[in-house]
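Chemist: Residue numbers (UniProt numbering), protein chains in the order written: chain A, 1 to 210; chain B, 1 to 651.
Heads up, none of these hints are tricks.
What the simulated footprint calls covered on chain A by chain B, stretch by stretch (three residues with Cβ under 8 Å from a Cβ of chain B suffice, anywhere in the stretch; the number is not a length): (1) 51-60; (2) 68-81; (3) 109-120; (4) 140-151.
Simulated pairs of lysine-lysine, BS3-like, Cα-Cα distance not exceeding 27 Å: (5) Lys35/A <-> Lys45/A; (6) Lys132/A <-> Lys175/A; (7) Lys102/B <-> Lys140/B; (8) Lys175/A <-> Lys194/A; (9) Lys55/A <-> Lys102/B; (10) Lys195/A <-> Lys132/A; (11) Lys45/A <-> Lys55/A; (12) Lys80/B <-> Lys45/A; (13) Lys69/A <-> Lys102/B.
Don't read these hints as lab results, they were simulated from the structure. All C-beta atoms, glycine included, are put in the ideal place defined by N, C-alpha and C.
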Amino acid sequence: MAIFTATNPFMSLTDSVEDDFELSTVCHRPESMDKLEEQTKFTKKELQVLYRGFKNECPSGVVNEENFKHIYSQFFPQGDSSMYAHFLFEAFDTNKNGSVSFEDFVFGLSIILRGTINDRLNWAFNLYDLNKDGCITKEEMLDIMKSIYDMMGKYTYPTMMDDAPREHVESFFQKMDQNRDGVVTIDEFIDSCKKDENIMQSMQLFDNVI
Amino acid sequence: MATGVAAWLPFARAAAIGWMPVANCPMPIAPRDNSRKQDELIILNVSGRRFQTWRTTLDRYPDTLLGSSEKDFFYNEETKEYFFDRDPDAFRSILNFYRTGKLHYPRHECISAYDEELIFFGIIPEIIGDCCYEEYKDRKRENLERLQDDQEENKDLKQPNLNFRETMWRAFENPHTSTLALVFYYVTGFFIAISVITNVVETVPCGTTTNQKDMPCGERYTVAFFCIDTACVMIFTVEYLLRLFAAPSRYRFMRSVMSIIDVVAILPYYIGLVMTNNEDVSGAFVTLRVFRVFRIFKFSRHSQGLRILGYTLKSCASELGFLLFSLTMAIIIFATVMFYAEKGSSSSKFTSIPASFWYTIVTMTTLGYGDMVPKTIAGKIFGSICSLSGVLVIALPVPVIVSNFSRIYHQNQRADKRRAQKKARLARIRIAKSGSANAFLQSKHNGLLNELLELTGSEEDEQKLIKSTSLLESQHHHLLHCLEKTTVRTPLCFTLNTHSSAHEFVDEQVYEQNCLETALQTYPSHSPSIASHNSPAVTCCGASGKKNTPLPNANLPLANPLPSHRGPLQELSALHIQSADPLSHTSSRSNLNLRTDESKRVNCKSGRITTAIISLPRPPALAPDADGLHGPPQRRPPPSAGTNIVKVSAL
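Using the sequences and the hints, build the whole thing.
Modeler: Spelled out as structure tokens, the structure:
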């Protein structure tokens with residue numbers, strides 16, 4: 001039988017097709033709900049709701065970057081949210097394997113929605129620090145700022161100036177960079193944020209999202 | 001709103017944490033979710049089959065029935081579920097739409113049933129997914145075409161008030177509408193045949209004479225042939241002029257293909273008449289005779305198959321064009337090759353490339369006359385390749401044309417079949433409608449008995465009668481009864497005056513009788529007088545003093561068709577409309593009595609009465625109950641005093 005299949009050219013084609021097929025339908029199952037409940041600050045019911053939404057959009061159990069960008073772009077129809085979604089993806093994908101599983105998803109959400117102020121600020125810093133070296137440079141911030149402004153799109157009032165992101169980065173660094181060394185470290189970041197009332201207030205927004 | 005990913009909204013909101021440290025202004029206050037209820041399962045009971053889903057699933061599309069508060073109307077308190085009295089199979093795809101965000105069209109489902117379900121649940125069909133959208137659109141188009149065919153035929157029947165010109169046009173277009181049209185149709189067909197046969201026979205050698213041999217018949221019996229030709233052309237000219245006169249749009253008619261054929265058929269004769277004097281152009285005159293053969297195309301008015309063929313060819317124009325183009329290419333290639341292959345051989349018939357065209361065509365179409373054959377070996381090889389490829393090139397576009405023809409032909413067949421079935425369908429509808437009208441009359445008799453029983457106080461009989469009709473029926477009949485009582489001006493209706501002035505529905509046959517009786521009477525004048533009041537009372541009302549006597553009335557239930565002996569009017573059903581004469585108000589008599597007199601007298605008389613013709617083929621969806629109501633409303637015009645509603649009868 002093996003000889004038969006080996007010599008039949010058409011059969012080998014179907015074999016390779018099947019292999020591809022297998023790879024693409026890899027199914028990832030999350031850990032049990034109890035473990036997730038321990039590790040995150042969500043209740044069982046909340047986990048259920050989250051998982052149902054997650055699985056509905058990603059039946060295979062993992063989100064890859066394409067999918068992630070597609071889902072996120074549905075909330076921002078006017079602008080281009082792909083860059084920001086990319087940064088988000090990097091932030092959620094903690095084990096750097098190119099896909100966000102349900103655990104990654106839930107851990108990230110747990111920190112943002114149920115974490116302390118410090119945790120949240122930490123997470124935001126992690127998002128900004130693109131190369132994860134512990135400090136935010138002006139270039140990194142500029143990239144982030146551009147991606148946020150891109151989400152607004154072209155049709156704004158008043159019309160967006162081209163150097164608006166750059167100016168915004170300058171004002172951000174003025175506020176955050178206390179020792180004027182051109183980079184913002186995690187401590188500078190948390191300190192400056194805690195001093196800013198607006199930022200503190202806006203952090204409260206996340207208490208009631210779920 | 002990204003309703004499909006509504007479940008990911010919390011994530012999107014959480015991801016906004018990246019903006020917070022960057023923002024310079026304070027953020028707006030977030031909306032509070034006050035209805036802190038947990039996501040719950042909703043039970044949807046559709047005709048007994050229970051579907052369950054999360055509430056949030058349904059809330060994804062708030063502008064549909066299930067997503068909005070509209071579903072509360074269907075909530076059943078006792079069983080705590082939403083009950084819909086609809087098709088559970090179709091509901092499956094609708095619920096799947098909420099679950100997956102994609103609407104699919106199940107192929108086995110009837111297109112109009114599915115459409116109705118979508119409309120009921122408030123879902124627009126445009127969101128059907130790409131996988132099913134094409135199928136849906138195709139089926140919908142097919143259905144529309146079918147319905148359009150039906151409507152077009154209905155239009156034919158709905159033209160009561162045609163003037164002479166329009167009748168003529170209709171007679172020309174549809175020969176089966178009247179006998180005269182049919183006669184005309186056959187006469188013209190006969191003359192077309194005569195004309196064509198004459199043209200053919202003209203050229204047949206007619207036996208030898210002493211001086212010349214084998215003279216064609218045309219030259220031997222010139223006068224006879226000329227007479228026949230003249231007669232045919234006269235008939236055709238008359239026909240063309242009549243059509244031109246009757247056409248609704250003369251300009252469009254003159255541009256249509258059939259009329260051009262007509263003109264081309266008769267023009268050579270007239271040109272020939274004009275030009276017989278001039279000898280120089282007699283050669284051209286002979287050529288013109290060729291055009292007489294176009295008369296055969298006039299047969300396409302008589303044959304539907306010919307018309308279909310012509311239409312098919314027109315619709316397959318692109319395929320035919322492709323065939324022609326590819327053939328031309330192949331011919332040129334092979335002719336060139338054959339010419340150069342045969343150049344060497346002596347006494348070759350392939351003298352030039354255009355000369356080789358003839359060989360190539362004859363070979364490719366596998367005719368093979370044999371007047372030109374290749375002699376060299378190379379020529380023979382290429383010749384065989386030529387014949388093989390010819391078969392292939394011709395065989396390719398032909399199935400497309402054939403399938404097109406088949407589709408159009410079947411469409412026509414279907415139209416004919418439906419026309420044939422239409423009579424049976426209409427008969428069925430008529431029976432259903434008359435059944436319901438008769439039911440009302442029956443129950444009226446029973447109802448009257450009911451009243452008598454009430455007066456005499458017999459309980460058991462009353463109950464028996466009440467049981468025999470359903471509640472729906474009895475309520476409907478009560479409604480019609482109320483209407484009868486309403487259509488009376490005098491307050492005398494509640495007296496026991498047996499000379500009842502109320503109008504009643506009557507049976508069709510009784511009405512006919514009364515009409516015939518009253519038609520025989522001569523009415524003195526339209527001005528009301530006591531004398532004339534009596535005479536119709538005597539005849540139209542029949543024996544006075546009996547409540548049950550059917551009175552001629554202005555109401556004829558729409559459903560009742562005219563009896564079959566009035567054959568040609570089968571398409572029509574008559575409804576009499578009373579025209580209120582303003583003059584009658586100024587009479588010395590009391591207005592009330594006047595009105596009743598009017599209404600009684602007016603019914604069968606044709607003087608001021610006019611009939612409105614309403615065609616029968618109403619949509620079968622019309623419930624049999626409703627038709628009874630269509631009769632009475634027509635009588636509302638009289639109350640709006642002084643209006644003259646006059647319609648010319650086509651009877």
